[in-house]
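Those protein sequence lines, which keep their order, are chains A and B.
At position 124 of the first sequence the residue is numbered 124 (my numbering), and the sequence of numbers has no breaks.
Just add 339 to wherever you are in the second sequence, counting from 1, and you've got my numbering.
These are calculated hints, taken from the structure and not from any lab test.
Hints may be right or wrong, so weigh each one.
Heads up, incomplete: computed chain B residues facing chain A, CB under 10 Å, no partners named [what the hints assert, rightly or not]:
id, residue
1, Leu387
2, Ile394
3, Val397
4, Leu517
5, Thr567
6, Ser668
7, Ile669
Yeah, the Cβ is synthetic: ideal placement off N, Cα and C, and Gly gets one too.
Okay, here's what each chain looks like letter by letter:
2 protein chains.
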Amino acid sequence: MKIVIDGFGGDNAPDEVLKGTALAVKDLGIEVAVTGDIETLKQRMEALGISDNGIELVAAQGVITTEDNPRSILKANAGTSMGVALNMLSRGEVDAFISAGSTAAIVLGGTMIEKRIKGVKRTALVPLMPADGGVKYAVIDGGANLDCRPEMLLQFAILGSCFMETTMGIKNPRVGLLNIGTEEEKGRELEHETKKLLEKAPINFVGYVEAREAPLGAVDVLVTDGFTGNVFLKACEGMGVLMKNSMKSIFFANLKTKLGALLVKKNLKGVLKHLDYKEIGGSPLLGTAKPVFKAHGSSDAKAFFGAFCQAKSFVENNAIEKMTKAIASIVPEEAAEDE
Amino acid sequence: MKIVIDGFGGDNAPDEVLKGTALAVKDLGIEVAVTGDIETLKQRMEALGISDNGIELVAAQGVITTEDNPRSILKANAGTSMGVALNMLSRGEVDAFISAGSTAAIVLGGTMIEKRIKGVKRTALVPLMPADGGVKYAVIDGGANLDCRPEMLLQFAILGSCFMETTMGIKNPRVGLLNIGTEEEKGRELEHETKKLLEKAPINFVGYVEAREAPLGAVDVLVTDGFTGNVFLKACEGMGVLMKNSMKSIFFANLKTKLGALLVKKNLKGVLKHLDYKEIGGSPLLGTAKPVFKAHGSSDAKAFFGAFCQAKSFVENNAIEKMTKAIASIVPEEAAEDE
Numbered sequence: 001m002k003i004v005i006d007g008f009g010g011d012n013a014p015d016e017v018l019k020g021t022a023l024a025v026k027d028l029g030i031e032v033a034v035t036g037d038i039e040t041l042k043q044r045m046e047a048l049g050i051s052d053n054g055i056e057l058v059a060a061q062g063v064i065t066t067e068d069n070p071r072s073i074l075k076a077n078a079g080t081s082m083g084v085a086l087n088m089l090s091r092g093e094v095d096a097f098i099s100a101g102s103t104a105a106i107v108l109g110g111t112m113i114e115k116r117i118k119g120v121k122r123t124a125l126v127p128l129m130p131a132d133g134g135v136k137y138a139v140i141d142g143g144a145n146l147d148c149r150p151e152m153l154l155q156f157a158i159l160g161s162c163f164m165e166t167t168m169g170i171k172n173p174r175v176g177l178l179n180i181g182t183e184e185e186k187g188r189e190l191e192h193e194t195k196k197l198l199e200k201a202p203i204n205f206v207g208y209v210e211a212r213e214a215p216l217g218a219v220d221v222l223v224t225d226g227f228t229g230n231v232f233l234k235a236c237e238g239m240g241v242l243m244k245n246s247m248k249s250i251f252f253a254n255l256k257t258k259l260g261a262l263l264v265k266k267n268l269k270g271v272l273k274h275l276d277y278k279e280i281g282g283s284p285l286l287g288t289a290k291p292v293f294k295a296h297g298s299s300d301a302k303a304f305f306g307a308f309c310q311a312k313s314f315v316e317n318n319a320i321e322k323m324t325k326a327i328a329s330i331v332p333e334e335a336a337e338d339e
Numbered sequence: 340m341k342i343v344i345d346g347f348g349g350d351n352a353p354d355e356v357l358k359g360t361a362l363a364v365k366d367l368g369i370e371v372a373v374t375g376d377i378e379t380l381k382q383r384m385e386a387l388g389i390s391d392n393g394i395e396l397v398a399a400q401g402v403i404t405t406e407d408n409p410r411s412i413l414k415a416n417a418g419t420s421m422g423v424a425l426n427m428l429s430r431g432e433v434d435a436f437i438s439a440g441s442t443a444a445i446v447l448g449g450t451m452i453e454k455r456i457k458g459v460k461r462t463a464l465v466p467l468m469p470a471d472g473g474v475k476y477a478v479i480d481g482g483a484n485l486d487c488r489p490e491m492l493l494q495f496a497i498l499g500s501c502f503m504e505t506t507m508g509i510k511n512p513r514v515g516l517l518n519i520g521t522e523e524e525k526g527r528e529l530e531h532e533t534k535k536l537l538e539k540a541p542i543n544f545v546g547y548v549e550a551r552e553a554p555l556g557a558v559d560v561l562v563t564d565g566f567t568g569n570v571f572l573k574a575c576e577g578m579g580v581l582m583k584n585s586m587k588s589i590f591f592a593n594l595k596t597k598l599g600a601l602l603v604k605k606n607l608k609g610v611l612k613h614l615d616y617k618e619i620g621g622s623p624l625l626g627t628a629k630p631v632f633k634a635h636g637s638s639d640a641k642a643f644f645g646a647f648c649q650a651k652s653f654v655e656n657n658a659i660e661k662m663t664k665a666i667a668s669i670v671p672e673e674a675a676e677d678e
């Protein structure tokens, strides 16, 4: 298996990309192509003591930034580290793609350079969020599609369920529809119409779920439109930061509390690690015909390694094939042709 | 000043209602009317050692529950502890109303039994949320109006701003519009159209704000539609519970961490108290022509006392009068007549 990674995507590129790559080559037994300025990559590998065993360096020029128009990934920025990597995936030279670069460019490039799975109306970025008890759940859509129709949410539910089952190893994932209550009459027309579709879908649909219950482990896949999904994710993120700041204010209050901090340090670290989105690895872009993963912009070597693990598991378990079959089962052949 | 409280609303009624009432009478120098079964109230007051000084008991029969149709507060359940209290407010016998009972019944009763402020299209329940640094911010709408038009959000922004200024003592409150990014093009049509109105409104509008920034103290008033607002609130609540559970798992891991817990206990308690929605007191129902406060269902005496503090401050600072003027300044006389 060979995975391509955007060598210059993310705040800590290329060093952390290279360190994560070295870990992946060693521990996962995969080959990795790294795109970017070859001289710089070679120098950094030497400085970091990383051998070129299992690593192919692929020439690319410059980086697409978050300030660039994401559409420029198609032409003007096609030769950047991200553009070259996406085109390698598109030509079938690699099995999966990872980048910590501009989210908008990954979503646009992943959708335009790659094809979508037959019948899929929209692609969606699917972040994994920490829940109580050390588990994780997927939020789909995390922000790509602000105005969604029920049929789109149905597809998201199926894609998210396939992902959690194939890649995250969760049997029969519980799929919930985000709503402001669990009673029949709660919610907007979008929720009411989507619920009817999800009840008939080939998934383990557990009904409406309130935003409060998702971080407490009620679902494996949380389905909602991209606007609500993004608000949900960022509210969770903000509360996470608030809590971390609060803990700091508790532990650094005085000498006594600092001693207390020393005693719980190890356990605290483990819990914070679970709650840290950086540790989670990549968010897949689901709906594309080939595996596209977005790593967090502030990813370090460990986070990149996590993204490699996900991508490998995704490929090994034929996630795309299973998604294609599941989508075909709900989309009549004619309708799919229209797309 | 006289405030009426629903004696049997909430999980801990009537004992915690009565204890909170006794505190309010003593510390705030107000009179309180408590509605409900008089015999029971008298017995509980005697058992709790609460004198009837400053407390009027007002006869009512039964309680409206969350299972009851909220509309029944208007007729079938008009004689319950909540119905009697609302009607006292409506007749002008008291200056403000507090209940920890069914939210839906309070919103419906507060809107139907009371009149709305002239020109106000919809009422909204406005929870106060904990933010970094020990401060609080208001979320409007918290869940009453799922589909909102820009004009409604404009009114919510003005009502919320007036509330934070008059009742919570925040000068020139920062009003932000919840969105999935701060760039011009981010968001749905609702956000784009609302932004135009807020820019011209008599408030301190700080522009779009991401869900992540609100718990970190970026705004005093967070404006959004009721669906998104409710998802936001409940996501924050769920993350709060997740964090509390995580802290428990840290501190109760072993003997060493338990000792650590002892050392930070006092500081931990203070922080948790700030983060606990129960401590915040009441959520006002804004837009009604008289003060209506919803206390959390699980309120204890302290939380009820907090609601009394808010209601008193609201009345003393002529919040309704100021809201009426502010709404009139944006609603032409003719438009107001149509309502």
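(request) Tell me, in ascending order, the numbers of any earlier hints that this structure violates. (result) Of the numbered hints, 1, 2, 3, 6 and 7 do not hold.
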